[in-house]
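Colleague: Build out the structure end to end from the sequences listed, making use of the hints.
Numbered per the numbering used here, the sequence shown spans residues 875 to 1103.
For the record, the hints were derived by calculation from the structure and aren't laboratory data. Glycine included, every Cβ here is placed at the ideal spot set by N, Cα and C. Wrong hints could be hidden among the right ones.
Stated by the list, open to error - Okay, derived cross-link-like pairs now, BS3-like style, lysine-lysine, Cα gap no bigger than 30 angstroms in a straight line:
{"no.": "1", "residue 1": "K887", "residue 2": "K900"}
{"no.": "2", "residue 1": "K934", "residue 2": "K987"}
{"no.": "3", "residue 1": "K909", "residue 2": "K892"}
{"no.": "4", "residue 1": "K1022", "residue 2": "K900"}
{"no.": "5", "residue 1": "K1022", "residue 2": "K887"}
{"no.": "6", "residue 1": "K949", "residue 2": "K960"}
{"no.": "7", "residue 1": "K900", "residue 2": "K990"}
{"no.": "8", "residue 1": "K887", "residue 2": "K911"}
{"no.": "9", "residue 1": "K984", "residue 2": "K934"}
{"no.": "10", "residue 1": "K1069", "residue 2": "K1082"}
{"no.": "11", "residue 1": "K990", "residue 2": "K960"}
{"no.": "12", "residue 1": "K909", "residue 2": "K990"}
{"no.": "13", "residue 1": "K1003", "residue 2": "K1037"}
{"no.": "14", "residue 1": "K1003", "residue 2": "K892"}
{"no.": "15", "residue 1": "K1022", "residue 2": "K1003"}
{"no.": "16", "residue 1": "K892", "residue 2": "K949"}
{"no.": "17", "residue 1": "K911", "residue 2": "K987"}
{"no.": "18", "residue 1": "K934", "residue 2": "K1075"}
{"no.": "19", "residue 1": "K911", "residue 2": "K949"}
{"no.": "20", "residue 1": "K1037", "residue 2": "K990"}
{"no.": "21", "residue 1": "K900", "residue 2": "K934"}
{"no.": "22", "residue 1": "K990", "residue 2": "K887"}
As the list claims (entries may be wrong) - Simulated restraints on C-beta separations:
{"no.": "23", "residue 1": "R905", "residue 2": "N1072", "range": "35 to 43 angstroms"}
{"no.": "24", "residue 1": "R1021", "residue 2": "N1086", "range": "52 to 60 angstroms"}
{"no.": "25", "residue 1": "L1031", "residue 2": "N910", "range": "16 to 24 angstroms"}
{"no.": "26", "residue 1": "E1071", "residue 2": "P1024", "range": "36 to 44 angstroms"}
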Amino acid sequence: MSGLKQAVRNTAKIIMFKGVYPLCYKVSSLRPLRKNKVIFAEIRSGTLTDSFRYIYEEIKTRGLDPQVYYVHNNKGGMGYLLRYLKLTWLMGNVGCVLLNDTCNLFGAFKFRKDTKVIQTWHSCGAFKKWGESITDLSFGESLEELRKFPAHTSYTLCTVSSKECIWAFKEAFGFDLDNNSVQAIGVSRTDFFFKEENRVKAFENLYKNCPNAQYKKSPALCPDLSWGR
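Modeller: Pasting the structure below:
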């Protein structure tokens, strides 16, 4: 990329993040709060991912109004700045916003106190370093860049799979040790494994494709089977 083109991109980004987005959100937040409205911000995917799907389905059963917005951060060009602008306006009067990946828009302004911002993350556990954990490495962004366009400053809650993961998320997000927004309340994508109908279907599929596996389980795990037949 030429120096001039990069300079234009950087200038546009600064204008949007430091001026346009904060102003847009301020105006949008003047509207009456819709407590029942929930926005799912899909940061990269073009479909509703498994980290969101179960939450989305549960929210619908509770009479809330969920809406999915696809940010498409993985697309090139400057189009994301306009998609950010639309999302900024939509978030101005909602009761809750959920996201599942890093999005620096969420650090461009301060959310109204009645809006909850929940980071569900897109992976289960902490099996790699990211964010501020890799600022000292060759493939990580500089700490200066991360602080200039912060992404994690507005979270009300970040859900993680276990308490052993909390420190890793705090480090990656640049949180102070006394920040309690990272909570080990579980990860929605694992709900699949705790639904009885899914367990039964999994065994049925296993036995269909591998009949010899049918009698390898104990009666306690498969009470419907006659042990040792």
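Colleague: If a hint holds in the structure, say so; if it doesn't, say that too.
Modeller: Verification of the hints:
1. K887 <-> K900: holds (19 angstroms)
2. K934 <-> K987: Holds, at roughly 24 angstroms.
3. K909 <-> K892: Holds, at roughly 27 angstroms.
4. K1022 <-> K900: The hint holds at about 20 angstroms.
5. K1022 <-> K887: holds (11 angstroms)
6. K949 <-> K960: holds (16 angstroms)
7. K900 <-> K990: holds (16 angstroms)
8. K887 <-> K911: The given pair, whose Cα atoms are some 29 angstroms apart, holds under the 30 angstroms limit.
9. K984 <-> K934: holds (28 angstroms)
10. K1069 <-> K1082: Judged against 30 angstroms, a Cα distance of about 20 angstroms means the pair holds.
11. K990 <-> K960: It holds: about 19 angstroms lies between the C-alpha atoms, which stays within 30 angstroms.
12. K909 <-> K990: Holds, at roughly 10 angstroms.
13. K1003 <-> K1037: holds (17 angstroms)
14. K1003 <-> K892: holds (28 angstroms)
15. K1022 <-> K1003: holds (20 angstroms)
16. K892 <-> K949: Measuring from Cα to Cα gives roughly 22 angstroms; hence the hint holds.
17. K911 <-> K987: Between K911 and K987 the Cα gap is close to 15 angstroms, so the pair holds against 30 angstroms.
18. K934 <-> K1075: The given pair, whose Cα atoms are some 25 angstroms apart, holds under the 30 angstroms limit.
19. K911 <-> K949: holds (27 angstroms)
20. K1037 <-> K990: holds (22 angstroms)
21. K900 <-> K934: With a Cα-Cα distance of about 28 angstroms, the restraint between K900 and K934 holds, given a limit of 30 angstroms.
22. K990 <-> K887: Within the cut-off at roughly 26 angstroms; holds.
23. R905 <-> N1072: 35 to 43 angstroms: 41 angstroms Cβ-Cβ, so the 35 to 43 angstroms window holds.
24. R1021 <-> N1086: 52 to 60 angstroms: holds (58 angstroms)
25. L1031 <-> N910: 16 to 24 angstroms: holds (18 angstroms)
26. E1071 <-> P1024: 36 to 44 angstroms: Distance hint for E1071, P1024 holds at roughly 42 angstroms.
When held up to the earlier numbered hints, the structure conflicts with none and fits them all.
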